[in-house]
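> What follows is each chain in one-letter form.
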Amino acid sequence: DAKTTQPPSMDCAEGRAANLPCNHSTISGNEYVYWYRQIHSQGPQYIIHGLKNNETNEMASLIITEDRKSSTLILPHATLRDTAVYYCIVRNYGQNFVFGPGTRLSVLP
Amino acid sequence: DAGITQSPRYKITETGRQVTLMCHQTWSHSYMFWYRQDLGHGLRLIYYSAAADITDKGEVPDGYVVSRSKTENFPLTLESATRSQTSVYFCASRDWDSAYEQYFGPGTRLTVT
Chain A
1 DAKTTQPPSM DCAEGRAANL PCNHSTISGN EYVYWYRQIH SQGPQYIIHG LKNNETNEMA
61 SLIITEDRKS STLILPHATL RDTAVYYCIV RNYGQNFVFG PGTRLSVLP
Chain B
1001 DAGITQSPRY KITETGRQVT LMCHQTWSHS YMFWYRQDLG HGLRLIYYSA AADITDKGEV
1061 PDGYVVSRSK TENFPLTLES ATRSQTSVYF CASRDWDSAY EQYFGPGTRL TVT
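Heads up: the sequence lines are chains A and B, in that order. Count the first sequence with our numbering and you get residues 1 to 109, in order. Count the second sequence with our numbering and you get residues 1001 to 1113, in order.
Treat the hints with caution; some may be incorrect.
Beta-carbon label-pair distances, calculated as ranges [claimed, not checked]:
(1) S1028(B) - Y93(A): 33 to 39 Å
(2) G1063(B) - Q42(A): 44 to 50 Å
(3) Q1018(B) - G94(A): 32 to 38 Å
(4) A1050(B) - S41(A): 24 to 30 Å
(5) I74(A) - T1113(B): 22 to 28 Å
If you are wondering where the hints come from, they were derived from the structure by calculation, not from laboratory data. C-beta: ideal position from N, C-alpha, C; glycine also.
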């Protein structure tokens, strides 16, 4: 699996968009990009995933660069409840997930 | 209630004791997983199972034993607990045809004294 690089922490003002970057420069053609988050003391929760096209669901949007070497998770209107650790993971379909240290997002009032 | 549950939620045990952490899911998912999470680290995979009676090692299997006689249960046993196994343990499951979304349990906080 390709390695990902995320900033260790970020702050975002409540109501603003939170843009969480992820670098995965060694991603291979059949590896997907996944995002999970972990709210304090809870198990991780799936957010979104994509291969090469941008994706949007009720929780977030995922923007993948054309060369697929990086991506950005966008929470359009961050709330205090979005404070969590966000994990960017790349993996082949069916393989196990490998969780790195992630980005600790603090949404500030 | 439907979902994935873990028991106990908190456990304190002594070095050398055997302890079993339970995981139960009601979706009949084929895959189940055990992770541990230590302070300041991401989750590390201990063992996983693709179906009943099929288990495989993850990244950090030493000191742990698993079994899966029924699809819905996936117990994790520490045969002789050590202080280094103090951690939060998460169980997860997913269906065979849903390779992107894993559902995690609430976790078990284990302290070995």
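> Indicate whether the distance between the beta carbons of S1028(B) and Y93(A) respects the range 33 to 39 Å.
violated, 21 Å
> Starting from the hint 44 to 50 Å, judge whether the C-beta atoms of G1063(B) and Q42(A) obey it.
This hint is violated: roughly 25 Å between Cβ atoms.
> State, for the Cβ atoms of A1050(B) and S41(A), whether the hinted interval 24 to 30 Å holds or is violated.
holds, 29 Å
> I74(A) and T1113(B), beta-carbon distance inside 22 to 28 Å?
violated, 45 Å
> Looking only at beta-carbon atoms, does the pair Q1018(B), G94(A) fall within the given range of 32 to 38 Å?
holds, 34 Å
Checked against the numbered hints given earlier, this structure breaks hints 1, 2, 5; the rest are met.
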